[in-house]
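K.L.:
Fit chain E to the known structure of chain V by using the hints.
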Amino acid sequence: MQTTGTIESRPIPSRSGSRLDGVRLFYLRSPRAVELSVYVAAVTGLLLIERLGLAWSWLGPVLLAHVFGGTLLLALVVLPYVAFHRSRLATARRVWVARAGRAIEIAIWLLLGSGLYLFFAGNPGALPGRIAHEIHLWISFPLILLLPAHMLSRSLLAAPFGRGARARRTRGA
Amino acid sequence: MAARFARGVAVVGVGVTMWMLSAWATPEGAASGGEWVSQESTSLLLSADGSTLYSANFDAGSVSKIDAASGERTGERALGRDIRRVALSADGRWLAATDMLGGRVYVLDARTLEVEAKAEVGARPFGVVFDTRSGLFWVAVFEDAKLVAIDVRGRVRREVPVLETPRGLALTGDGRLLVSHSMIGAVSIVSPERTFETRVVRLAETHDPDEFVSQGKPRLLDDIAISPDGSEAWLAHVLWNFDHPFQFRSTIFPAVSVLSLEPGEEAELVAERKELFRQIDVRDGASKTRIVSNPHDVEFSEDGARAYLTLAGSEDLAVFDLARAAGEGQERRARRRGKLSQGGAQVVQILRHLPGDLPRGLAVAGRKLFVQNAMSFDLARVDTGGASAFARARVDAPAHAALVARDPVEPAQRRGKRLFFSGNSDDFAELPPTGDFWMSCASCHVDGFNFTNRFLIEDTKVSGDARVVHGHTGLATLVGGDFRGDYIRMIQDTQGGFGADERMDLPRVDPAAPGAEAAEMMDDLHVYVTARENLPFLSTWLRVEMAGDDDPTEEWTSPAACAGCHSEIFDQWASSNHRLMSTSHPYYRVVEDLAAAEEGEGFRRWCMGCHNPKYVASGRGASRGEGHLFEPGGERLIAAGPAARTLDEGTDCLFCHRVTRVERAGGNASLSVDLAARPRYPFEGHANPWLRYIGDRLIESRPVVHRESYMRAEYSDPAYCGSCHSEFAPGSGAVISDTYGEWRDSPFNAPDDPSRHRTCVDCHMHADVARIGEPIPGTSTDGGRRKPNVATHWFSGGNPGFLAARSAEAAAQSRALLERAAELDVDLEGAELVVRVRNTGAGHALPTGVADLRQLWLFVRVEDAAGRVVLESGALGPDGALPADARIFNKVLGDAGGKPVGLRFWRFETLISDTRIPAGGAREERFALPPEAQHPIRATVELRFRSFPQWVTDRVRAEFPDVPVPEVLVLERASSESEGAPLAR
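Going down the list, the sequences are from chains V and E. Position 141 (the first sequence) corresponds to 140 in numbering that gives the first Met the number 0; numbering is contiguous. Position 652 (the second sequence) corresponds to 651 in numbering that gives the first Met the number 0; numbering is contiguous.
By construction, these hints were calculated from the structure, which means they are not laboratory data. Here the structure is a predicted model, which is why all the values come from computation and not from measurement. We put the CB at the ideal spot given by N, CA and C, even for glycine. Keep in mind that a hint or two might mislead.
[Said to hold, decoys possible] With the Cβ distance kept under 8 Å, some of the chain E side facing chain V (calculated, not the full set): (1) Cys564; (2) Tyr680; (3) Pro681; (4) Arg696; (5) Leu697; (6) Glu699; (7) Ser700; (8) Arg701; (9) Pro702; (10) Val703; (11) Val704; (12) Thr780; (13) Asp781; (14) Gly782; (15) Gly783; (16) Arg784.
Pulled out of the complex, with its shape left as it was, chain E reads as follows:
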């Protein structure tokens, strides 16, 4: 009996072990042989047996299943907001789809399209491929710069940080994972062992003195096509040639780069790059090169003899003939004849135009080629003509399949979106938004307006050039007022559209009086530009999700409600400049009103996005209301009570602590605040005081959800502060201030060296400015845990002017922070007084922020032995103004004509001067001493600071006469005395 039992146990044990081993060896969905299968991330996927097409339907938010032969749509599943790529498991059972705007990957049953699992993977997941050996889907997370591996159950199994902007993925037959980095022009090759040793190939950046020659930085890389023999990878992209003022025929060029995939020797075959006027040079009837734009997807024919390229802008199909590329023998003969054609395979046909709108995905099935249209949501079928050298591709079935049952995007927005993405001049015969098919808005603004904006700014940096414009110039109102006229100006000046391209022989649209049709087109474009995922408030990049639409004011919990438990933090914040920086602040009010008067009412939001975001989110107009600039401790808020629903100014508890996403777009409030999805405790903030009391008690009894919903690790990331403490001009993109960027490039950004590393929080939210670098223990909640270091909410900084009336401590902290920013060295060298100002304490330039208004200068007084003042510099005049010859450290911004912009700093287009002191850097000023000075002489030098110059104060006092004059602070003082020797000349 016992023996039989033991035998039974053994049999069961062996069986279970075998099952477990087999499960380990062949993960669910993986290929049974454990071999890799070459594949590429795609939006249009053909099943292995060629019978079924799977389509990622972009902003229709669904995936569809299409019978390849008949074109019948056999299934569609609505998933999310923007489905970009799909991938099938090796056994064809599971289909993964990335939802870029939803931040999710869906795993579906490929047969029924039922959602089996979801995985939250981060911001903007994009490319996806199935790793047949591990049985995992690899996902490129575009904004978060990482790869995520998920299993078919939607469980995240691995996260791997990679270079910025991973977008397209491809798996080679030997298991190497290729990742295209869209905005930095690179491809990572990840080792097949998944040890994540990565080889990075940076695509060549090219320059030519002739602006009209194809050249520039490879950008907008996306899908990767691997040739059937596995020897090459082709990547379609554009070249950004931003080293000169924008001109549509010389700024964006289409290209396809070729990579050799020799294992361990992967490299770009630079000479093989396909470029306009070279390998892409098909002439029309008038012997003029057909201009094409926005190359998107490449697919090879099954025999590898041809490659097909969708041109999503000009809406064409380019056909490359690889068989006619010169072989070695041919090359030698051709070279002898002096006719060598560089660049290998060339475009032999441009099929103009493909039916439908915005061709993107491609799938090859024998002689047939399926083209997915991402805007008209249909599928065109092309007969490629076979492998013959003289084969010509032709459209076989213009509307082979309808991809979706219904387009969920409203018609006006769809039309606007089409205008934004289309570079097809023939689509709008009378009013083409682009000249000669060159480009579209999407050639620069990838996927609309988002974090990729910062790459536009970075790629336009031209050293030694005073011109600071990155984008559109000549705008009448920076889009804030007359958006129609400014859109037309952009279209004409940037894209050569609306009659600006004289070769198209079309009447030029007048931006001031555009006519009904053009105005309607611009209205449609505006609907798309101001869509939820783009710029809903247009001039600012702020995005706010609110739960209630009836009265948005109701959404903003009063900070007084927070004061009940966070009294100390409330007191600090209530007196800080982060609160009283709009309605109450006379200087701000003057500038906001000036902005609105000059550029249109809508332009106020550019200022308000950071200074008064709750007004923006609640649909309020100007920052008007009762000022309380000198109110200490938020008395008014406390008096109104915790249930008050009156909008206070500035940024408050709820605004900063409900930022759910920081989009590194370059500043301008590029962040998302989510009030809709915040968890609320029962009776939290209820109008009835008894019920509110219960709500408060519930929070306190179990505060973990409260804490988690209002506190995120990102809040201590300098990029979070940088979303407002960096600023660029709408339209032109000129960087007005970049405090975050200054810190990022400074020695204070040293995460590997904690002794040197200082973030914004470390200095500006430190409890004792004299002890920066030391943790100061404390509590942030009444009766709360004692933290090793508490972050105060004084936000000490460079504008202590009005603080003293509100809080002596806040003012003292700010002054102390300023005083430790710089050090002075004074030397008498021969006949010169040499003053060195070293920025030793600020993790950014000195001054920063509104560095064109802040005044940091040297006051110098030299007395000789007789007690005569022989030299004086930097003394204020009787009117309080600083003399023009004072040695000042600032940035002088100029307009398009090179004149100082004054208070109109949003019109910054040229940099007149920049004498700021960089973080960790120094500036030296030399003063010639008069020869008649009797020795010994004594020099006294002060580094002085004033928040605003007198001319600005005078302007403000004209409207607000009671505003006190900003005090002059002496940040540092030093002196030097000569030893009696005569000055050497």
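Here chain V stands alone, though its shape is the one from the complex:
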């Protein structure tokens, strides 16, 4: 399984004719914004884990940031990107990248659905709420692992940890 490398799919067109194409181009050129949005939602969400015992003075604002920040980023950044990006998965040359992309999309929809359930119906203790909570929690882990793997060298994490970083370190030495 290859986890680093470059995306070998169709190049992003530099120009487009329609307004939709312009929006599409705008989104497709900013995958790192998507990645960052996912990390922001993930980090604020993980901070809410009970076992971490974050002080309430932090927990309240973090909860607010997670719910509203996560929703806004998802609506404005992540979901449009996913929508525009989906067609590119079909043409991805690497099977792994394509599969990871589809898995990421499913994970995002699951997170969105369970998140909306948790917000509107809550998790006061009954089974549906608990299931929503478990889904919301456990799906986030594969997502944040799959995302950099899917993005390969375009990932934000590729800079400090990826092949490029190793090359830079080698050059520096």
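P.N.:
Just chain E now, kept in the frame of chain V:
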């Protein structure tokens, strides 16, 4: 290469292992040799090299570091609210300080006094010592009855439950940990192996027919002094002699008890106890024994020849000469001469008075003795005069050191506090608050008003005595109205102050017209009595922390806000008696108004603390407002909406579920409610409905913080309920009702036998009263987890009167609970009808609560063969009143003159009768049958109950004419029939 690598790894591994082993063997701060060093918990600590004194500065809230030689204060660190004791680690690097009111232990760098760690250890941590072998500080947690071991990083390493009220600690040279139990007169000796096998030495309680002879129960134990040879431990304390009406010369006596520390044979040397008029008997110029009070700290001289004792009340220093204690040979000679002096070492000098106010801590450095003053925050130095038999201690430097830079307590409160703690009659020459140095308020009210109050109540129990007063009698308004006059009455009657001690030849202050100076003193005292940590609302023991001062009403979230998620629980509570028990309740209103009219407006709070606590906390006066006694389901609250900030009556969701501390003081709402520190979700309870919606959604999405902030394990502890379901009269301390105590002493309190154990929640919050003992599954939150047993909020109980109009189910539950409380047995024995009433279902006396008002009685009707009624008892008269000869089970309270108190039950001072049926107990009533009855005869007996007697209802209806008459319930019915034989006479 590989070999070199392996060798390197091995060297590193061995090094790390050695380091770990050394760290294990010598914990941080511990003595390098792993030996125990004898030490005692203290508020004034001298470093091992004798150069530095560390002072715990009590309510100044700081610790100070003093250069012992020069008296210069080289450092002070503000820490908390009430720093009581300090201890140093063996290496002198770490200093631990206990903050009694803050519930914390601070670990400081002893050099810089920087706080390095804090540990939350429980309610009222007090004594602290450093265990040199384990490297742990041991802390006695006074209110929570436990020992806590913390390391120098502030981590709690161990908690050990011990007997009640652990306060002072001392470590012997062989590692035994001694713990003094302040309010029960005992010392625990914990094994050095820390297996927590504990030997308990209970100090002797003494009795003498002459009230004026030193005697009583050892109380107020604190620090423990171990003699330099390790053979004895000395404990200063007082003796409470409460078996007779309070009289200052016969009720509190100073004493020092002596324990033999023979390993495994620890015991009190009863004959060695130092008591007033015996071993403490130094005469003044007029050959009169110098009276001293409130012994506090004992320290031995380095050679063990002398012992020094601070007398915090009379503000003296007592010097014991141990060298002059009779040895065995001397004893024999003395006995032959008939001059044996019992009790060993005696006081040879009383240094009257020590400079400064409230001497407490002592530290010995050679010939010098440092005395810490806990009220004036200075350090006096005393030259002990050395080891000579004729040495006399004298004050060497009256103000050797100033302990604090600034006293944070406001001056009026400080003056009031001094009045409360001082027993020094010379301090107030014209208006001494105590007669002849005998005592101070603090001789009974330890550290002010707190949980120790219950020990005052318990220690005053006198079996077979109708008198039920524990404290102050003869008060005009039970402090609720004219507090100045009542304080003066207390001072005069209890302490012999303000001219009451005729031997002092001072004019007696008139409580009704005290004069400016006395009035000012009482105002100062009042500031202290009503301080945050004492009785801020005076008549009630309730304490409430609020976040906002501008409009306290804003703090009380409407229960309607809770109804959004806890709809079922809300419905139950809204119809319950826990809600509609003040403004709407006509009976309560009449009694509260009567209390205010009789004792003063302030006395309302005594009632309101439990019945209307939000009004008290928000500074409201009387429980007045629109009544809604028959409103079902909290309609008015729902209509006002979840954001409404109108104060509703009674105890509601927020009140009960924000109780953060239950202080077992004996009742009277002795609990703390904290609204200030509750975590709130963003937009929680916001006035804007959209934002409030978001707040609600945030709570529901992650409710754990919400749950934790409103639910505590203590809420299912009967003591929590007992804080209101026990009641004593302010001032006199007479226990009016003690439902909690009745349960505590009942067979229903059987935690080791779950089949029998029943708590308040198990019966009064059970979802189906017919199935008490069985868990009833359910949810307390809409869409919430199904719990194996859900606690309903009907609070079913003994007052179903008005429930039926609000909720048929609530009324049915209450009736069902009453009906299962008792069983009847009826027998015709000869010429008598014998009725036995057994309390089989109530975990408290039957009736309980306002047992002087509740009516539980036997209705008896006997018909003979001709159908004639030959005997009838307990039938209500045409006016609804119960006949005087009815067999009733109740408690009749009397006032000071022995007359029934009626509705003025706060004036209870004598018990006229108590015919209640204890939990698990029974009462038998016998009725003589008339000889002319023709057989067979048939007897029908009913156990009847009514919430209030007719005379009370009549009184209430005079003010509230629409109040319905309480119904009479038949709880149990039984009958018996004779077999036709003539009655034997």
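K.L.:
Going through the numbered hints above, which ones does this structure break? Give me the numbers in ascending order.
P.N.:
Of the numbered hints, all hold.
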